[in-house]
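J.: Could you slot chain B onto chain A? The hints should help.
Protein sequence lines, in the order shown, are assigned to chains A and B.
So for the first sequence, our numbering puts the first residue at 3; every next one is plus one.
So for the second sequence, our numbering puts the first residue at 7; every next one is plus one.
These are computed hints drawn from the structure, not numbers from a lab.
Just to be clear, a hint being listed does not mean it is correct.
Claimed, not checked - Beyond 10 Å from chain A on every Cβ pair, some chain B residues (computed): (1) E20; (2) D82; (3) I102; (4) K104.
As the list claims (entries may be wrong) - Derived lysine to aspartate or glutamate pairs resembling EDC-like cross-links, with alpha carbons at most 16 Å apart: (5) A:K46 to A:D22; (6) A:K238 to B:D123; (7) B:K166 to A:D87; (8) A:K46 to B:D187; (9) A:K31 to A:E65; (10) A:K238 to B:D129; (11) A:K46 to B:E189; (12) B:K125 to A:E245; (13) A:K110 to A:E9; (14) A:K17 to B:D95; (15) A:K44 to B:D187.
All C-beta atoms in this analysis are idealised placements derived from N, C-alpha and C, irrespective of residue type, glycine included.
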Amino acid sequence: MGLYRTEALVLRSRKYAETDSLLTLLTQKRGKVKAIAKGVRKSKSSLRGGVQLFTHNEMLLYEGRNLDIVTQSQCLEAFTTVQDDMAAMTAACYWCELLDSFVPEGEKDIRLFMLALAGFHILALDYQELVMRALEIKLLFQLGYMPDLVHCVSCGRSLQGEQQIAFSARRGGVLCATCLEGDALAFTPEALKIWQQLQQLEFSKLKRLKVTSSGLHILDEVLEKFLLVQLERPLKSRPILKEIWQAKKS
Amino acid sequence: MMYQYAESLTRLIEQFARLPGIGPKTAQRLAFYVLKMEQQQVEAFAGALVDVKKKITTCPVCCNLTDVTPCRICQDEQRAQTQLCIVEDAQDVIAIEKTREYKGLYHVLQGRISPMDGKGPEDLKIKELLVRLQQEQIKEVVLATNPNIEGETTALYLSKLMKPLGLKITRIAHGVPVGGDLEYADTATLSRAISGRREI
Numbered sequence: 003m004g005l006y007r008t009e010a011l012v013l014r015s016r017k018y019a020e021t022d023s024l025l026t027l028l029t030q031k032r033g034k035v036k037a038i039a040k041g042v043r044k045s046k047s048s049l050r051g052g053v054q055l056f057t058h059n060e061m062l063l064y065e066g067r068n069l070d071i072v073t074q075s076q077c078l079e080a081f082t083t084v085q086d087d088m089a090a091m092t093a094a095c096y097w098c099e100l101l102d103s104f105v106p107e108g109e110k111d112i113r114l115f116m117l118a119l120a121g122f123h124i125l126a127l128d129y130q131e132l133v134m135r136a137l138e139i140k141l142l143f144q145l146g147y148m149p150d151l152v153h154c155v156s157c158g159r160s161l162q163g164e165q166q167i168a169f170s171a172r173r174g175g176v177l178c179a180t181c182l183e184g185d186a187l188a189f190t191p192e193a194l195k196i197w198q199q200l201q202q203l204e205f206s207k208l209k210r211l212k213v214t215s216s217g218l219h220i221l222d223e224v225l226e227k228f229l230l231v232q233l234e235r236p237l238k239s240r241p242i243l244k245e246i247w248q249a250k251k252s
Numbered sequence: 007m008m009y010q011y012a013e014s015l016t017r018l019i020e021q022f023a024r025l026p027g028i029g030p031k032t033a034q035r036l037a038f039y040v041l042k043m044e045q046q047q048v049e050a051f052a053g054a055l056v057d058v059k060k061k062i063t064t065c066p067v068c069c070n071l072t073d074v075t076p077c078r079i080c081q082d083e084q085r086a087q088t089q090l091c092i093v094e095d096a097q098d099v100i101a102i103e104k105t106r107e108y109k110g111l112y113h114v115l116q117g118r119i120s121p122m123d124g125k126g127p128e129d130l131k132i133k134e135l136l137v138r139l140q141q142e143q144i145k146e147v148v149l150a151t152n153p154n155i156e157g158e159t160t161a162l163y164l165s166k167l168m169k170p171l172g173l174k175i176t177r178i179a180h181g182v183p184v185g186g187d188l189e190y191a192d193t194a195t196l197s198r199a200i201s202g203r204r205e206i
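So that you can see chain A by itself, here it is in the shape it has in the complex:
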């Protein structure tokens, strides 16, 4: 119990009581935390600038029994580029929903915090689809949800150099041609390679990656199913983000 100071990203903000907001924060020191920001919906609130959605803040929080209370907050970075573009804003929503859904409460993880922060910096870039796929994969990797991409999850045979492969979201990995099952998804060596590259590459080198739209499409389908199986519910903003990308292309 007591006060603690930490850097925090605001992942979610909901109206609470008359003028409060209930925030979901990803903090550097305490992992995912739920906190109340009191009176921030009043126009004269001094706290308001530091508790806005999609911002990186330095916060002073008071540890409560159930919910913590934001006592002071200063905005370090507001990611204003996110606000200027519909696709970027939706991507930010999706990134926050992804983090909120997968990250367990109260577990400190500096690497995860750095990944989340990096995500906000790069999600407004123009090769956004690739960025989002990279973020999804890196998040899964960071949290230990990675599927087996090297061996067939059914017979255990190494699939190196194999051309005919499929992906089973339910079993969590790739399948060889002989073990193919009914609900397996189409997967190609190219999509597999993109997955591995996205997992390893630094964000600064993403732009250099050469990918075909079909490879990216297959990866998207596979990831969508894999996220659904892991989470056991669909992510609300994912289809909206896809629609916006579609509209942008046409």
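T.: Quick look at chain B alone, frame taken from chain A:
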């Protein structure tokens, strides 16, 4: 057998407990308060509940809540027929009306673009808006969605959508609140307040 409240009282408690923010204890307290109220008051209360559900509908023109069709604002010919203020919810109309600054028409979107809640542009009253822009003599559109991320994005989306129509599109000003403190204003607000400064 354990004694429980009479059936009608239990029913009332259950009904109160359905309201947002009201737990079983508060529901009980409210139900007992109703018992203590005078007959006339209770009837007025019950009547108001039934009435509001029966009479209040959505205006087919501006999508605001109304008891007449079209709503009183849409009917009022004294209002500037060339100005249209777009707001998120019906409460926002009342907030702007209280200022007595704005004398034009309204359009209520009934929400905002909020991907996290699974709400995209097609869940808002945008089709109705586009029909109005074609049929009415609107010359200026004032975007008065909330100044938060979701409201800004909604405004941005609408401005892009309406740009080809050749209308004057304006956004309500952002700035430091009256009685506020510059020290506590966030950088986004302050930078907008400075870029939107005006001569006095």
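J.: Could you tell me which of the hints above the structure violates, numbers in ascending order?
T.: none
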